[in-house]
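2 protein chains.
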Amino acid sequence: MNRQELIQQIKAKQSFLCVGLDTDLQKIPSHLHGAKDPIFEFNKEIIDQTADFAVAYKPNIAFYEALGPRGWESLAKTLEYIPKDIFTIADAKRGDIGNTSGLYAKAFFETMDFDSITVAPYMGVDSVGPFLEYAGKWVILLALTSNEGSHDFQVTTLQNGKPLYQEVLEKSSQWGSPDNMMYVVGATRGEKIGAVRKIVPDHFFLVPGVGAQGGSLQEVAKYGMNKNCGLLVNSSRGIIYAGKDKDFGKAARQEAKILQAEMADLLALYSEL
Amino acid sequence: MNRQELIQQIKAKQSFLCVGLDTDLQKIPSHLHGAKDPIFEFNKEIIDQTADFAVAYKPNIAFYEALGPRGWESLAKTLEYIPKDIFTIADAKRGDIGNTSGLYAKAFFETMDFDSITVAPYMGVDSVGPFLEYAGKWVILLALTSNEGSHDFQVTTLQNGKPLYQEVLEKSSQWGSPDNMMYVVGATRGEKIGAVRKIVPDHFFLVPGVGAQGGSLQEVAKYGMNKNCGLLVNSSRGIIYAGKDKDFGKAARQEAKILQAEMADLLALYSEL
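Line order of the protein sequences matches chains A and B. Going by our numbering, the first residue of the first sequence is number 2, and it counts up by one from there. Going by our numbering, the first residue of the second sequence is number 2, and it counts up by one from there.
Bear in mind the hints are in silico, worked out from the structure with no lab data behind them. Keep in mind it's a predicted model, so treat the numbers as computed, not measured. Accuracy of the hints is not assured; some may be wrong.
[Unchecked claim] List of simulated lysine-lysine pairs, DSSO-like, C-alpha gap at most 27 angstroms:
id, chain 1, residue 1, chain 2, residue 2
1, A, Lys245, B, Lys107
2, B, Lys45, B, Lys251
3, B, Lys45, A, Lys107
4, B, Lys14, A, Lys28
5, A, Lys163, B, Lys107
6, B, Lys107, A, Lys172
7, B, Lys37, A, Lys107
8, B, Lys37, A, Lys78
9, A, Lys45, B, Lys251
The task is simple: from the sequences and hints, build the whole structure.
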């Protein structure tokens, strides 16, 4: 999916909601456990119920990988089931030397057909480049995350006076463009999102951590939105585990609808969409 | 496998050779293509022929992941086939927020039974910690790699005058110990390996890139070895693709044997093993 199509979808749905498919066998309703593929059955219902309000789905690959080969089967079926006009994100945090990154790109862009993948920056340009060679596909590079460990290296001040995450943004924004790169920017610090927005005014940000991880949607929009929205805000547990019984899909729909309504107001306030 | 067992194995085999299982359908001998699982058949022969000379095997996970669920089946069978007294490394470069890293740890330490996994440091302490909670398992953290992109961030000077990789080494060495952490240290720069050795005198290093990527084994040993060896030096393509026909296993054996003999000399020269 290209940038214009993504922006059009945000405008049409008045939403920048990404639903995180962090699907955990321990947490899905017990009536699904008898199904042949409980993970896929759960995701199918979540997708059916939230597709009106979501512009992106983001399976967290670790949840599938932990199940072995059958987890990858569930993931492939889930990806296949997502409507083609909705953006898909493989939240995989991959990254290796060039030829190996090329194989990760093949895994997520050819063997599967994701629109985008999250990538870690530590190994530099040749670890990111192979993902950018796919026309119509996106890299979502880790810039500033919201976890405890983000303080260890990401905000460390360099000799040039900049924090490391700024160096990552400035260098990597030369490797791609706002048409094929986005950044992961953590949601728990509004003013930090504003700092990132100044460095890369046009790129989309994938913002995890609104909801369960404590970020505020209003703060994110106030500091992070640009005229084309420029945000995909993720919610996982708050939506997919909103209900615990047979009505879990309806509970998810309700939560997604509430977030979408809030997002429509914020789009009116801070964007041109 | 614990540290003492690894050191004993190095001493017994007079080798610190890691064989990289970067197994590529396009590169394996054509007579294997008719097999039910060509990747596994290839790996099986490589393992049979090199187990006398190798102390570790390192499947590069991207090669398996690119094949979808059947790649993961081949990987699981390969891991199962490796003799239990040889160290195993999942070269996966994973790393995410705490609970997600916990699921990657589950994937590689429970669903599969690898001894170790390579991990990326950018997300900090809670992205690494969950892997360290497994007794008898190891994290091999990216410190200084040998690819082109290692110049982008790893060697950037911080305000405190140190390069980023040094900060990564100093902080992360507090998270674990030489009993459950190793570091990836690139092989193309002998003096840089010496600099890393000064910072973490007791940790094992996984050194990729000897052979095809151009590193010199002598340089690595001279600058990187400690009294317990402290090195696992990887060779992938130089061994596994040494032959191109039905004799590929014997060709691999021959290459492994040559490297082992060289390593025996270097152990005598620079270690106490």
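Against the structure, the hints:
In summary, the hint linking Lys245 of chain A to Lys107 of chain B is supported, as the alpha carbons are separated by about 25 angstroms, within the 27 angstroms threshold. Taken as a hint, the Lys45 of chain B and Lys251 of chain B pair is honoured in the structure, with Cα atoms around 13 angstroms apart against an allowance of 27 angstroms. Annotation: proposed proximity of Lys45 of chain B to Lys107 of chain A holds, straight-line Cα distance about 25 angstroms (limit 27 angstroms). Distance hint between Lys14 of chain B and Lys28 of chain A is unfulfilled; the C-alpha atoms sit about 47 angstroms from each other, more than 27 angstroms.
For the hint pairing Lys163 of chain A with Lys107 of chain B, the CA-to-CA distance comes to about 37 angstroms; that exceeds 27 angstroms, so the pair is violated. Taken as a hint, the Lys107 of chain B and Lys172 of chain A pair is broken in the structure, with Cα atoms around 34 angstroms apart against an allowance of 27 angstroms. At most 27 angstroms may separate the alpha-carbon atoms for a hinted pair to count; Lys37 of chain B and Lys107 of chain A meet this at roughly 22 angstroms. Only pairs whose Cα atoms come within 27 angstroms are accepted, and Lys37 of chain B paired with Lys78 of chain A is accepted, the gap being roughly 24 angstroms.
As the CA atoms of Lys45 of chain A and Lys251 of chain B are separated by approximately 50 angstroms, the hinted pair breaks the 27 angstroms bound.
The earlier numbered hints that this structure contradicts are 4, 5, 6, 9.
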